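From first to last, the protein sequence lines are chains A and B.
Everything in the first sequence is counted per full-length UniProt numbering, starting at 1 for the first residue and increasing by one.
Everything in the second sequence is counted per full-length UniProt numbering, starting at 1 for the first residue and increasing by one.
Hints are computed from structural coordinates only; laboratory data are not their basis.
Please read these numbers as outputs of a predicted model, since none were measured by experiment.
Straight-line C-alpha distance at most 20 Å; calculated SDA-like pairs for lysine to any residue:
1. B:K324 to A:P211
2. A:K71 to B:Q300
3. B:K324 to A:F212
4. A:K71 to B:H149
5. B:K237 to A:F212
6. A:K71 to B:H148
7. B:K151 to A:A272
8. A:K275 to B:A160
9. A:K197 to B:Q300
10. B:K327 to A:G213
11. B:K297 to A:G117
12. A:K71 to B:P306
13. B:K297 to A:W75
14. B:K297 to A:V73
15. B:K237 to A:P211
16. A:K71 to B:V302
17. A:K275 to B:H148
18. B:K247 to B:D163
19. A:K71 to B:L480
20. B:K151 to B:G161
21. A:K275 to B:M150
22. A:K387 to B:A159
23. A:K200 to B:P306
24. A:K275 to B:N146
25. A:K71 to B:N483
26. A:K275 to B:A159
27. B:K297 to A:E118
28. B:K151 to A:P391
29. A:K197 to B:Y311
30. A:K275 to B:V157
31. B:K324 to A:G213
32. A:K275 to B:G161
33. A:K77 to B:Q286
34. A:K77 to B:P293
35. B:K205 to B:G362
36. A:K275 to B:L144
37. B:K327 to A:G208
38. A:K77 to B:Q300
39. B:K327 to A:F212
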Amino acid sequence: MAVASSSFLSTTSLTNSKSNISFASSVSPSLRSVVFRSTIPATSHRRSMTVRSKIREIFMPALSSTMTEGKIVSWIKTEGEKLAKGESVVVVESDKADMDVETFYDGYLAAIVVGEGETAPVGAAIGLLAETEAEIEEAKTKAASKSSSSVVEAVVPSPPPVTSSPAPAIAQPAPVTAVADGPRKTVATPYAKKLAKQHKVDIGSIAGTGPFGRITASDVETAAGIAPTKSSVAPPPPPPTPVAAKAATTTTNLPPLLPDSSIVPFTAMQSAVSKNMIESLSVPTFRVGYPVNTDALDALYEKVKPKGVTMTALLAKAAGMALAQHPVVNASCKDGKSFSYNSNINIAVAVAIHGGLITPVLQDADKLDLYLLSQKWKELVGKARSKQLQPHEYNSGTFTLSNLGMFGVDRFDAILPPGQGAIMAVGASKPTVVADKDGFFSVKNTMLVNVTADHRIVYGADLAAFLQTFAKIIENPDSLTL
Amino acid sequence: MQSALSISFSQTSLPLANRPLCSSNAAPSTTPRNLRFCGLRREAFGFSPSKQLTSCRFQIQSRRIEVSAAASSSAGNGAPSKSFDYDLIIIGAGVGGHGAALHAVEKGLKTAIIEGDVVGGTCVNRGCVPSKALLAVSGRMRELQNEHHMKAFGLQVSAAGYDRQGVADHASNLATKIRNNLTNSMKALGVDILTGFGAVLGPQKVNYGDNIITGKDIIIATGSVPFVPKGIEVDGKTVITSDHALKLESIPDWIAIVGSGYIGLEFSDVYTALGSEVTFIEALDQLMPGFDPEISKLAQRVLINPRKIDYHTGVFASKITPAKDGKPVMIELIDAKTKEPKNTLEVDAALIATGRAPFTNGLGLENINVVTQRGFIPVDERMRVIDGNGKLVPHLYCIGDANGKLMLAHAASAQGISVVEQVTGRDHVLNHHSIPAACFTHPEISMVGLTEPQAREKAEKEGFKVSIAKTSFKANTKALAENEGEGLAKMIYRPDNGEILGVHIFGLHAADLIHEASNAIALGTRIQDIKLAVHAHPTLSEVVDELFKAAKVDSPASVTAQSVKVAV
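Extracted from the complex, chain A is given alone in its bound form (with noise of 0.2 Å):
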């Protein structure tokens, strides 16, 4: 079997380079390559069919070297029209160009498996040819089983869009009326058209949410069982992404919006917390709380305060020496099958920052000593605040420390961050009344501590450890400074 009719020769020079460009004429001979993978009438086929058929499967063919798949273009001869040898039957895009392919018998295109504008492997059957016309049949139905099977499904009219409306109904049709004759007239907008065929919708059983009941793209994404695509802008129909298609559908039925109100759009860093916080949805979470004391502590922080050290770096370096003790506490799961136990500790930090959040981390927080600890978290949340930090300086955290104390929050639960084991929660540090086993009351400051995990790797015994050891660092934390 042929491929690149003639008037193609010169693009079959696809090389890029320059020098190439010259010996068109000659390279046609290299491409040929064999469409039809010889005669083979489907077994099942000659079991059931007394006589012996011959109908032939087109392959996508293989049209460069690098080509893996190819795109149907367009069908040059239509169902059931006869070819004669080295006829053009199907213009195939590849890697690097668009070829006529050829056919290299004579017969009838009996059915046309992979549709325009389709995909198929190389190698995959795209259309059968039969030898006579009264194969044509049994042809078809053979090509319905494979298209069944496979996702392909062009050929066969589905049912006619919007077009059924026998009759416009007169020049000023109240709805009443227009809906009286015939059936009921559907609108549906271009884009709901064309998600419709593409995920095998029936246009005809969605019930239209769009203005004057029209059905738009998102109501037969919903009808579809996929997450609506967010931007109003949205690129060519991509294929929905895993990711979006478990996110909760929030956006399908919303209220309209009322007036004066107005839409703005995500930010690009708020594009990132949504699409984290939706993924986070998918990750099995508990949460265990601590009450710690916090004098020493307090303490020591008002002794080391002059000499530049935040309570964000204690904390950091506190978190960062009872990881060193718990690491499957600084573990994440990564395919939900495995550990993944990491190397270093890295504390990201939640910071607020003008109309985001954004998580600086403190790498190696359990090494570092508490000046150093506290230079760096100066420099990061200066870098934050100008947006110049490096990717590294974002998303290398193993371990997420978020502290609302400052505002006076008691205390609040995280969400834990895709990638990540676990995230603490810090609350206000305030004076309680406390009994001690003795049953003498004395009023300390207390601070509540919330831990997330995923519960795929780090179990209730886990955090708890490991909230005793941060307990005692924090009540004992002269070895914080060491």
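Using the hints, position chain B against chain A.
Showing chain B alone in chain A's frame:
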């Protein structure tokens, strides 16, 4: 060279320009000079030239030269002939009128241009110029939104958004800027810009407002307005023409575009990039009629199918009612052939892009017995106006959209220049086949000359062979570097003598690539010669280069092209 001469020394340049013609009177064709002569003398000479005529003409020429020698030289704009206010009056300051005016001054003519609206006409104010601004935005939006495309570059961009007013301002600012440039260029050369609606009062006489002026020659360049078929009610808000659409006052969720030619196609590119969904309504059986079928097929695959666009072909929009009383825009479709009702569409807006109608009403054409045909002013191949009796109207020309020959801005300008060439004594017939056209979608479409079916029909009639060469952008390094390998260039040519009959390009920067082919057609360059020219590597121009190289021509390259450059 001539231009430099004519501005500073118009008295010498004129004889220079004229002498060859006067002396070569043995073989004059039906030149405009005969016409001018007839007009001046009010004598009914036939159009066929004779020796007698030529000698008369010579006298007139020399008289005129004396006049200009005495009067001009200081001003750029030439001095008028004795009996006229101006040598040339142009009605309409669009791109066609502007091109004619500039060339007229260069040729030493005292020139006036009459404009009843704004300088720049459709192209600058309501057409090519602002639409290019919108398309520049849509191209970028398209790119930024295409995650796959960005990823292939290793770029990360998210949440690309736009501000409608900002986009609209870009378009109107560009129009203002170009309009000012146009106005200034004419002022600087001393063209009189007269404000008011111009009309023809009689031979060589024009009025604007209450003023009457006379001119030796008159060019009508009044252009066109959007054509709105009957039954369609344009309210400028939900049912609009390109005039309104270019202001971008709103971006509807769903817009129907009636007509899938250049205008419709470009707007579909803009609207879909800005988030609208589009429904095309096309009266012919195929989208993008007028393009080479192969190109329109490919364009449909790239510009229509993957986008949020659907279409109805073979239907007329028989009635379109703007949105009102809480109802959407209603469009009634009837079958283009049977006229039977087919469908009703409910959309948020409708753009009427069914072509343009000549703007020739109120031009006083009845005063000179000219009858328009569907509004168009009939002209011959030299843009000379033909009256109701099929006779040429002396000294009256019509260029641009108003004559309907080829409704493109640059065609109007070329026609204007051609007319000025004629009235200054050099016969010139514009080869319309060499005028390129472009559609600025992403990627762009461009063409020059014949389409394949046209070429085959011509070949059949005239008995020659036609061959086709094609190249793909996929094999072009620069296109691949830009990740824009989608595209096709196609050349239709005569294998026997290497004549280029037509070139059609769909792909990145196709509009810029076409000129190598259009120049070749205009200059009569043959493939066997141009294929030896060198193109920088890597550039998109190699797509066209490969086209020439892929062609199989029987004739050898002409001797000159091969040998001349050796000395370098």
